[in-house]
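Residue numbers (my numbering), protein chains in the order written: chain A, 1 to 342; chain B, 1001 to 1310; chain C, 2001 to 2357.
Be aware that a few hints might be false.
[Claimed, not checked] Below, in silico cross-link-like pairs of lysine-lysine (DSBU-like), each with a Cα-Cα straight-line distance of 30 Å or less:
| hint | chain 1 | residue 1 | chain 2 | residue 2 |
| --- | --- | --- | --- | --- |
| 1 | A | Lys245 | C | Lys2272 |
| 2 | B | Lys1272 | A | Lys208 |
| 3 | C | Lys2272 | A | Lys208 |
| 4 | A | Lys46 | C | Lys2272 |
| 5 | A | Lys245 | A | Lys208 |
| 6 | A | Lys129 | B | Lys1212 |
| 7 | B | Lys1159 | A | Lys46 |
| 8 | A | Lys116 | B | Lys1212 |
| 9 | C | Lys2073 | C | Lys2094 |
[To be verified] Okay, the calculated beta carbon distance ranges per label pair:
| hint | chain 1 | residue 1 | chain 2 | residue 2 | range |
| --- | --- | --- | --- | --- | --- |
| 10 | C | Ser2336 | A | Arg10 | 31 to 37 Å |
| 11 | C | His2161 | B | Gly1214 | 47 to 53 Å |
| 12 | A | Arg114 | B | Gly1213 | 15 to 21 Å |
| 13 | A | Asn137 | C | Arg2280 | 52 to 58 Å |
| 14 | C | Ala2157 | B | Ala1246 | 52 to 58 Å |
Quick caveat, the hints were computed from the structure, so don't treat them as lab data.
Owing to the predicted nature of the structure, the values given are computational and were not obtained by experimental measurement.
The C-beta atom is built at its ideal place from N, Cα and C for all residues, glycine as well.
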Amino acid sequence: MAGTGKAHLRTEDALLRVEDLVVRFPVGRTGLFVNAVSGISLDVLKGETLGLVGESGCGKSTTGRAIMQLPRPTSGSVMFEGRELTSMTGDTMREARTRMQMIFQDPISSLNPRRKVRDIVMEPLTIWKRGTVAERNARVDQVLEEVGIDPQRAAESQPHQFSGGQCQRISIARSLVLSPSLIICDEPVSALDVSVQAQVLNLLEDLKRQYGLTLIFIAHDLAVVKNISDRVAVMYLGKICEVAKSDDLYREPAHHYTNVLLNSIPVPDPEIAVQRTAIEGEIPSPVFPPAGCRFHTRCPGMQERCQNEEPQLREINTGHFVACHYPVHGGEAPVSIRTAGS
Amino acid sequence: MSATAELISADILLATKPPRRRRKFPSLGVVFAFIWLISLTVCTLFAAYIPFIRDYDTQIKVNGKTGRYNLGPGWTAWMGTDASSHDVFARSIHGARITLMIGVLATIMGLVLGTILGVLAGYFGGKVDRVVSIIVDCLLALPALLLALLLVYRMDDLKSVYTWLGWLDRKWEITLTLGILATAPLARIVRAQTMGLREREFVLAARSLGAKGGRVILREILPNLVPAMVTVAITGLGILIAAEGALAFLGLGVERPVTWGKMIIDGRADLKRAWWATVFPATFLFLTVVSFNMLGDRLARRFDIREAAI
Amino acid sequence: MSNISQASSRDTGAPLLELTDVKTHFRTRRGLVRAVDGVSLTLERGKSLGVVGESGSGKTILSRSIMGLLPTKGTERHGSIRFQGQEIGNLGRKQMRHIWGREMAMIFQDPMTSLNPLMKIGRQITEPLEIHLGMDKDNAWATAERLLQDVRIPEGARRLHQYPHELSGGMRQRVMIAIAMACGPTLLFADEPTTALDVTVQAQILDLLNDQRKERNMSLILVTHDLGVVAGHTDEIAVMYGGKLVEKAPTRVLFADMKMPYTEALMQSIPKIDDPSHTRLLAIGGRPPDLVNPPNGCRFAPRCLYARDRCLTEEPPLRATDNPEHTYACWYPVGSAEYYQAKARLAETPVAVGGLD
């Protein structure tokens, strides 16, 4: 399989190192497959926050879940804390999963509606029989207070008695009680109001510092991702287009897709908003992904080569990697690129 | 009203204090269903202690003699007497016992089997799912009554071969048969619900916390299945009671002490001469089935279960 | 019906939509929920208005009150809603039916649930044409094809014979827009039309709505929680909080010179793409007000960093700045002497800005 390359993987010891990850789902019994993730490689250093951005259907959530082995990826390697997860089974797998946790988009759906909130947060400790009952209680109270939920109320109430923002805090508390090293946040704030969104983002930043966490932050909102991430990977149709330090990526987007994404964000400033132009067309079906560069069907800078030859990730600036034959900034892009394709 | 509720919950209540569970006064039909089922159950269980209910085999003599349909509905026998001078009212009450017992036991059996099959198929998918689906499809594809006939006759055969099956009288045969029949639709509904729940984030979260399959099913999935299961079971109870009557109609009724189906069959031939011997037990059967349906319907609306239609 | 069509044809000089002290209250078990509590505003023909607020601000209920789309049971409506000079606030569903589609139409957030999954796209677009405009079948289908062209759906003729599930989310929202515009309404409501869509598609849909508005001289009310969405696509913005209008201004004026601390807080809580990463966000502490027992005085005061005693007891009226089009409801607006005093005080004694809800 033509991968998008591994040039961006770092040589240091990474907390998590994903190589050639492929996830395919069968489409009913048609014999066809949805190519959700088509050979991506990633690494996350300890204490780093990696942002994964892209439109819906780009495979960002599937990547997050495949790292957790829920469900297991079709192929590829996931090294976490020096251990290969894809070959683990049974209790070793269950044990390894406790070192990484996940927070989901829908705050209400992430909590079992028929249980008391305190029991939900307690659950991980109960499963693993950590400490005495008193120790468990103390730990749960402590974590609930850290995320700003009254433990007293949590003991009496069910999830539907809390607001969306509070439910998301409860999810965060549940993911923290076992003190994991990695938390995968799958669109944790996109279902929340802007004011609440800011509270949750700030909370994540605080907890990250306090617990020395490493985060993978999956979202479609580029501004949110930029705010929280150290490094950002842009995904399109199951492939990585561009990886860079978040400030670099947003200052000088190299891939045309990143550029398009950045230009489509509704900016809360009327002076800027009027001048922008939107890209036409929509994301192609992941059952029949386009040959060559997967973005060529919508790319404003498309050339003939892009239709046949798949670009590999290469470094165009220190720490800035792009999988594009004719990038917007840097590389050997022809000057006439803006007018050439479209 | 539900439109308002939706709007309010969407836009306002989220911003206000925790919403309390909204309770609405149940409709007249549901109240009636409740009263009917409860009084029927009490009467049939404690018939022996209730003075105005005769024993089921007490014969009523008119002028010192028994006789076929010797009394119409009236003060002495409220619903008249049947071909053997038995009180139709008393027999209708007593008839409820066997009918309800068969219905409840068969439903419980269906619930247990259906839940096990459905949860396994829905949660594990793959091969397990395929095997369960084939069994369920087969059960559903055959006409239910034909299947019931086959099962009852087959059990009769087995009984004559294996003597230790002596306890398996007609009552238990029908219970087992109806239980098996009830399993298929329940398994199907539980499977669909489980598949939905399995993809919910809280189940994923439990798995990512390292919970084992059994714990996930027990703690996360089963409690969320209860509303659907109760709803379907109650609706199903009504169907099973009607099915028991239908089996009696085919000559597979329970002979002693008495069931509604048996009473209807026995009185059917003389419907013109003594309508009361058939119409009253039929009314009992009808009201009971309708009551269960009504309760099931109400619960389905309460829990918002759409798959409940079997 | 005849009144309304006359009203639309004569040029009265009155604004297209005029709300005076509109209140929508719901009777619930907890008490009276004051979802919309005294909103007054006007909208000129051909203009677009963005209604912005958090969930629970009453923005959705306001738009549905104007459309008359709220259930009558348990709902109390007060105040006056004048549409093309005619009072429609007290009309029943039957009379509103003549207005829906022809005069006012609405687009919802989720295009999948607002389209009938069992009906072909073509049928769903032609139905209102046949019912409201009395078109014959051929005419209606030709119009439908033209409408799909207007909303930039390629191969319209083929698409008309498809079912909603065969289209992507963005395409479905375009179809919804086509249906809404089918009978040439003078006022279009769009309730979070892009929230369920991807950013690239979101931009396309917003541009499309704006182009069509200009082309058809239609008025647009865009209801959203996202200040970014309204910034580039509306002429005016109304900010709602706790069922009340707290600030209204032409878009450029508002962004250049916001007066209401709530508007400012809303702006500051959005992560900005131009800020360096890990910039601390200024979250609004606390929670939106309980609409059954709203706080006395200014409804935002309990969460406001600059609130003083007066704010907690006395409700600020809506008043204008030097620019008569810019109104706000605040005793100590952004830019006032008291605002700067409070700000200086806050800088000295740092408080937890990222408060919890």
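* Asked: Is lysine 2073 of chain C within 30 Å of lysine 2094 of chain C, Cα to Cα?
  -> holds (16 Å)
* Is the straight-line distance between the alpha-carbon of lysine 129 of chain A and that of lysine 1212 of chain B 30 Å or less? -> Holds, at about 13 Å.
* Asked: Given the proposed pairing of lysine 245 of chain A with lysine 208 of chain A, does the C-alpha separation stay at or below 30 Å?
  -> Holds. Lysine 245 of chain A to lysine 208 of chain A sits at ~18 Å (cutoff 30 Å).
* Asked: Is 15 to 21 Å right for how far apart the beta carbons of arginine 114 of chain A and glycine 1213 of chain B are?
  -> This hint holds: roughly 19 Å between Cβ atoms.
* To do: Assess, step by step, whether the Cα of lysine 2272 of chain C is no farther than 30 Å from the Cα of lysine 208 of chain A, and give holds or violated.
  => Holds, because 21 Å separates the two Cα atoms, which is no more than 30 Å.
* Hinted pair lysine 46 of chain A and lysine 2272 of chain C, Cα distance within 30 Å -> holds (26 Å)
* To do: Confirm or reject the claim that alanine 2157 of chain C and alanine 1246 of chain B have a C-beta distance inside 52 to 58 Å.
  => With a Cβ separation near 55 Å, alanine 2157 of chain C and alanine 1246 of chain B satisfy 52 to 58 Å, so the hint holds.
* Return holds or violated for the Cβ distance of asparagine 137 of chain A and arginine 2280 of chain C against the range 52 to 58 Å. => Violated - the Cβ-Cβ distance for asparagine 137 of chain A and arginine 2280 of chain C, about 33 Å, lies outside 52 to 58 Å.
* Pair hint lysine 1159 of chain B and lysine 46 of chain A, alpha-carbon separation not exceeding 30 Å -> Not satisfied, since the Cα-Cα distance of roughly 71 Å exceeds 30 Å.
* **Range hint 31 to 37 Å (beta carbons of serine 2336 of chain C and arginine 10 of chain A) holds or violated** => violated (52 Å)
* Could you grab the alpha-carbon distance between lysine 116 of chain A and lysine 1212 of chain B and see if it respects the 30 Å cut-off? => holds (20 Å)
* Holds or violated: are the alpha carbons of lysine 245 of chain A and lysine 2272 of chain C at most 30 Å from each other? -> Status holds; Cα separation ~17 Å.
Violated hints, listed in ascending order, are 2, 7, 10 and 13; each of the other numbered hints is respected by the structure.
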